[in-house]
Amino acid sequence: MTKFGQTVEKEQKSAGKVVAWILRVGLAILIPVIAFFFLYQGFLFLRAGNAPKWVIAVVAIVWGVGGVAILYYLFNKLVESLSPDWTERLQPFVFVGPAIAMMIWFLALPAVRTFYFSLFGRNGPPALPVTMIFTNPGEYFTVVAAQFVGLSNYAAVFTDRLMLSALRNNIIFWIGIATPLTVIVGLLVAVLADRSKFERMSKSLIFMPMAISFVGAGVIWNFIYEVNPPGTPQIGLLNAVVVAFGGQPHGWTNYTAIAPWNNLFLVIIVVWLQTGYAMVLFSAAIKGIPEEIIEAARVDGATEIQVFFRIMIPHILGTIITVTTTIIIFTLKIFDVVWVMTGGQFGTDVIATQFYRQSFINRNSGYGSAIAIVLLLAITPVILYNLRQLREQEAFR
Amino acid sequence: MSKFSKILGVLVLATVILAACAPATTPPPATAAATEAATEAATEAATEAPTTDCAEGYDFGEIVGPAGGFLEKALAGEYSGTTVTVDGTQTDPDDRKMKCGWAAFEEATGITVNYVGNKEFEARISIAVDAGQAPDIADFPQPSLVRRFAEQGKIIDVGQFLSDDYLNQTYIPSWLELATMESPDGPIVAGVFNRYSAKSLVWYPKDDFEASGYEVPETWDELLALSDQMVADGSTPWCVGIESQAATGWPATDWMEDVMLRTTSLENYDAWVAGELKFDSPEVKNAAEVIGEIWFKEGYVYGGRDAIVTTFFGDSPAGLFTDPPNCWLHRQANFITGFFPETAKPDVDYAAFYLPPIDEQYGRPLLGAGDIYVMFNDRPEVRALIEYFTLPNSVSGFLAEGGAFAAQKSATPEMYSIPLEVSLAELFGTATSFRFDGSDLMPGEVGAGSFWKGMTDWASGSADLDTVLKEIDASWPE
Amino acid sequence: MNIGRIKRSINALLVNGTLILIVLLWLIPVVGIFVSSFRQRFDIQTSPWWNVLPHRGWVMTKTIDPRELELDTNSPMTVEGITATFEEMQAGVEEGDTRLVWIGNRRIGNIQIQKKDWIMPGGLTLDNYQQVIQGKNIRITHADGTVQTVRGDDFSVALLNSLTVAVPSTIIPILIAAFAAYGFAWMRFPGRRFWFILTVALVVVPLQIALVPVLRDFAGLSLNGTFLGIWMAHTGFGLPLATYLLFNYISQLPRETLEAAFIDGASHFTIFTQLILPLSTPALASFAIFQFLWVWNDYLVALIILGPDPNVRVVTMKLASIVGDRGQDWHLLTAGAFVSMLIPLIVFFALQRYFVRGMLAGSVKG
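Chains A, B and C, in that order, give the protein sequences. First residue of the first sequence: 0, per numbering that gives the first Met the number 0; consecutive thereafter. First residue of the second sequence: 0, per numbering that gives the first Met the number 0; consecutive thereafter. First residue of the third sequence: 0, per numbering that gives the first Met the number 0; consecutive thereafter.
Don't take each hint at face value.
Derived SDA-like pairs: lysine to any residue, alpha-carbon spacing no greater than 25 Å straight-line [what the hints assert, rightly or not]:
| no. | chain 1 | residue 1 | chain 2 | residue 2 |
| --- | --- | --- | --- | --- |
| 1 | B | 296 | A | 232 |
| 2 | C | 61 | B | 98 |
| 3 | A | 286 | C | 61 |
| 4 | B | 98 | C | 328 |
| 5 | B | 296 | C | 102 |
| 6 | B | 118 | B | 102 |
| 7 | A | 286 | C | 102 |
| 8 | B | 153 | B | 102 |
| 9 | B | 72 | B | 114 |
Reference listing, derived: stretches of chain B covered by chain C, where coverage requires no fewer than 3 residues with Cβ under 8 Å from a Cβ of chain C [claimed, not checked]:
| no. | region |
| --- | --- |
| 10 | 113–126 |
| 11 | 172–182 |
| 12 | 205–213 |
These are calculated hints, taken from the structure and not from any lab test. Note that beta-carbon positions come from the ideal geometry of N, C-alpha and C, so glycine has one too.
This is chain A alone, in the form it adopts within the complex (with noise of 0.2 Å):
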């Protein structure tokens, strides 16, 4: 958007173009704005009113929808209004305008401010008005300067003992056993359900658990986890299971004596919550293989686990990467279970509830918005692989 500054031409075409980008740009901001006008004055309205909880419910979920469907057509139909050419310049604004006004809104524009923040210290930058860049630019910038710390908290983040032990279980635990297990499981599921005759009915159950809050997960586990001592019954079943071979109970989580692997036990509550996506999507991958390929490797005498390796892992390669890439963005993102489970307690940190800890109960902004862009930086490779696989296909070519 930047870009309609530099150009003061003489040609007609250059002066349309110039108008045609501000145009474009105002369409792009136009419509969010004007749709939220119109939706809070509905909602100023339903507020006022004393209509019984749901009838407001209800109207506040047509008029949302509604409210946002009528803009693109209504811009829609102003821009066609206008000669072809202006229609052709304008119309995919009103289709892409708006999404990239909220994208920029809500996610570019925190993090351009978050790595800004990382540079500070435990205050972060200081609280000037910004009016005073202009009016008395010399004390501004001794002051940000004074505040301005560089990468320390970057040198910071990697040699505290508590973060590199979060970022230990973030690869370790969380992409390299978490996210393989879930892609094997949910692969494994995929294929038995289609070659058995309860597919539907074992693939609904294997999906249940996304549709648990995370809240609702650590509620579900305690009752797998949870401890009594020695002597008493135990009303965990994985502790019921291991007293009753002989063992000891463990409240699993947190036995740090067998640390970093207590890791493994929310390893196995995020698999579990997972695997119905993972499965969800191979199911549908083996579906598209032509039937007629298997029969054939059939017929010539393959075994069932060389059509697996030979036939279907080849064909659905594709899938396969696409879920693994979002399980991995996932994992390096995780923080609920562990939030809800440990606390991150027992050696269980990770990235994003270190981030937590540091920037909202510790309050040291800098050194939590440093975690955060390492956080972000650490998911770059996984945004790189997955925009040169875009641009391999032919849409962009």
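Based on the hints, put chains B and C in the right spot on chain A.
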């Protein structure tokens, strides 16, 4: 499009159906007559005013604010119709007790106090303040957190409208010292204390305890002798549980502070809290070893060493109330009564004794912790409520039901409704010194981080004491 | 031929057997809370949930006060024909179908004589659900006859709030993302590639970093604590993934179909609404499920944007507050957790049939 709109239709329809059912939820067909009773009770309750949730004796009569102050004006109705928002960590049943204490204020002034609290308070308040969305008043259980906000200049100085004379008249010096904090513009009074809980208590099952012929110990040696006796009698003396989800380990820090006060001087305690006396010092190490003698001794703790870190602190005293008791002694602050079974009666099923002194030269110290009310937005009605918090009337909900004591000097024994609490309040009158919960004063990285974590690791046996203490020292922010 | 048939049935057995085993493993935790949600508080805390099945266990037949027997607890004692030391009795002495247990200590304890017998299930109740769903005071009669009045948790209002949050937060981002995906896939405009790369890059931004700035902006617009605010937040946070996945699908649609429509003179808008949206139903439905699940199960965004005002509390906040308030009130937590699962499950089962194709577009071709 048609399929998609069908889905949309299904979703909207589902909302309508659910919504239509929701407000008039028909009770599910239950087996017992309990359902009938329940619906009956529900209809009764619907007509009752919310204040009926409060226990008897929560109304202390007339409110008298500081002369010429904002509370006086509020009582004259000047700010009637305004609203003050208070945020905090307290949830059921504490939020109810708080609201009971505020009901008289609301009634007399016409100001609405809107309490919005939940457990995620620490993170929430941080985000809200940074976003310029701070509540009018926040109830902080940890003064160390307030210090951060004060340093960053986010807090209103209540010293602007509460005179030093008035504050000295209302609070003992310890509370005032704690409330005074550094801000970018010099020291400010960052808030007012309201209620406190006393930590140096050991709870025991009174009836069974007496039936067994046990006696309340007066010295540490007697306490250990009693524990040995219990072991010899075939039972387990102690229940210890320090599990508390993300805050696991905090009950262990209370043990440390109580023992520190009993094994070393107050100066050393203060130096320790300020970060000048290292965790790695002989004094601190000795305190931990004294605790270890109870925690790790074979047969002393119900469930053994493993149970310490895996038992939820609120479930831990449950052993006192089994028949016969699974354990006999439980050291915890007086708020723990809120976790006792509803059927347990004070002075019958349970009572508490003062955690005995270890070394006579250090007297009878008392460890406590209190909530500080901090002001973020400066409006007259907010000032009026802050002034109200300096009166014991604002703690009436707790005094009527138990669970906390009033921090104001003007609180009298007659204000307490529960005899056990009166006797505890009197017990503290015999204390020779008072100190605030050290971990709540240490920087968050330590007091709500490495200290908890270190104690947990040590208790579970995953790290030895020396390692743990060094790590806590290392985590102290510059 | 015969061998082939045997081989095939062994195969089927293997396939179904493994599948059932995995499904059972997946199911056990859910069954655990489902059963527990019907049990009484005391039962949940003292016995495992699988005890609701008929099982063999020790049933007390008789209690003896040891003080009446005037026993010397320091040497082996004989009670009811069983001789053992105090320590042995504390651990429990078994003889055939009888067990003798000394409960408590030497001073105040009693001796229980137990017999092994079948224990039938019982004591299941709907009270937990009632207490969780209703917002009014509820009177509960305990097994021992005492009556207790408790405040209900009022999930009904929270469920309504969750739906009000989740339905638009699912549909609005999908609508916006579908437009954008179409634009990226089938329209030519300057900066297309740059904006698209930005979109993909934003998929990975952790939303926690946006909380403070978004809350501040919302404060200026007085959107905090409103449904509109949280719709916008979920839309903003969900858009990158939605756009990326829908692009994958929409860009793979057969080019000829679209070209034919263009030749017929249809505008982009007409093509989008009349052709693309119906063709993309599977992708839209499958993403709708994921976005709906995500929003429904979200706790952090709701906590920050909606705030703790009880009038707008959503289900996850309600559930978290039970965890926080009551410590280990398992009977309410389990019922609450189950109630909170119901709507997402209904949505899943309703939209499941669209799940066949969709999410994986672009990768099927491999």
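Taking the hints in turn, this is what the structure says about them:
Simply put, residue 296 (chain B) and residue 232 (chain A) have alpha-carbon atoms about 24 Å apart, close enough for the 25 Å limit, and the pair holds. The straight-line distance between the Cα atoms of residue 61 (chain C) and residue 98 (chain B) is roughly 49 Å, outside the 25 Å bound, and the hint therefore fails. For the hint pairing residue 286 (chain A) with residue 61 (chain C), the CA-to-CA distance comes to about 64 Å; that exceeds 25 Å, so the pair is violated. The hinted pair formed by residue 98 (chain B) and residue 328 (chain C) meets the criterion: a straight-line CA distance of about 23 Å does not exceed 25 Å.
Distance restraint check for residue 296 (chain B) and residue 102 (chain C): the Cα-Cα separation of roughly 22 Å lies within the 25 Å cut-off, and the hinted pair is therefore satisfied. Taking the CA atoms of residue 118 (chain B) and residue 102 (chain B), the gap is about 23 Å. The hint holds against a cut of 25 Å. Of the pairs offered as hints, the one joining residue 286 (chain A) and residue 102 (chain C) is violated, with about 62 Å between alpha carbons and a cut-off of 25 Å exceeded. For the hint linking residue 153 (chain B) to residue 102 (chain B), the alpha-carbon distance of about 29 Å lies beyond 25 Å, and the restraint is violated.
As the CA atoms of residue 72 (chain B) and residue 114 (chain B) are separated by approximately 22 Å, the hinted pair is consistent with the 25 Å bound. Only residues whose C-beta sits within less than 8 Å of a C-beta in chain C count toward coverage, and the region 113–126 of chain B has 7 of them, enough to reach three; the restraint holds. Only when three residues or more bring their CB closer than 8 Å to a CB of chain C does the claim for the region 172–182 of chain B stand; here the count is 0, and the claim is violated. Counting residues of the region 205–213 of chain B whose CB lies closer than 8 Å to any CB of chain C gives 4, so the stated coverage by that chain holds, three being the minimum.
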